[in-house]
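Peer 1: Protein chains in written order, with our numbering: chain A, 14 to 126; chain B, 19 to 131.
Derived from the structure by calculation, the hints contain no laboratory data.
Since the structure is predicted, the reported quantities are computational estimates derived from the model, not experimental observations.
Some hints here could point you the wrong way.
[To be verified] When the alpha-carbon atoms are kept at most 20 Å apart in a straight line, the in silico PhoX-like pairs for lysine-lysine are as follows: (1) K113/A / K71/A; (2) K82/A / K71/A; (3) K90/A / K71/A; (4) K31/B / K62/A; (5) K62/A / K90/A; (6) K44/B / K113/A.
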Amino acid sequence: AQSVAQPEDQVNVAEGNPLTVKCTYSVSGNPYLFWYVQYPNRGLQFLLKYITGDNLVKGSYGFEAEFNKSQTSFHLKKPSALVSDSALYFCAVRRYNTDKLIFGTGTRLQVFP
Amino acid sequence: DAGVTQSPTHLIKTRGQQVTLRCSPKSGHDTVSWYQQALGQGPQFIFQYYEEEERQRGNFPDRFSGHQFPNYSSELNVNALLLGDSALYLCASRSAGLTDTQYFGPGTRLTVL
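Input sequences plus hints: build the corresponding full structure.
Peer 2: Next comes the structure, spelled out in structure tokens:
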């Protein structure tokens, strides 16, 4: 069965510091991995995805993520956090032959000035 | 270029009633998926429509049904509403390539009293 784990309910970081939001996954075959961000009372906004190729993926708003097959992880990172990055972040996985995204439970990122 | 749009924004119904939610996909997209996001949880896949047919379905009862129109827009119908159906309902669309990203709309907040 496919699953996604986001082990931290909340991550707190000071503005200007690097941030990491963790994600591990379980799926048979090659995974398609995604990060989405959700602001209050809003839908999900796409940040980045890994399909194949370079393990380091760069996305919107300065975010990047590293695919690690041996650790089955896809952690989201940003070198310098902004207060405006404060939001709910979701990691998701799907198999290559389906549209069904499996989401984690989300990690709330709080960036303090 | 308009993104994914959904209507209505909010909806209040009582137990036992029926509801219809609407989605217009992003321009150039022909595949629509629906997700249910309960409070404090990640979205869960309901079903996907392509070429006016339901192609994939998640673990949701038959009370949840849908439709896709020739212009690729879609409806989600829920019959015999239960209190537990209260959630944010998200529509996502993508173009034909399976590696393509699903883009989400702002959602419809359904409250069942």
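Peer 1: Now look at each hint and say whether the structure bears it out.
Peer 2: Hint check results:
no.	hint	in the structure
1	K113/A / K71/A	violated (23 Å)
2	K82/A / K71/A	holds (17 Å)
3	K90/A / K71/A	holds (10 Å)
4	K31/B / K62/A	violated (37 Å)
5	K62/A / K90/A	holds (13 Å)
6	K44/B / K113/A	holds (18 Å)
The structure is inconsistent with the numbered hints 1, 4, although it conforms to all the rest.
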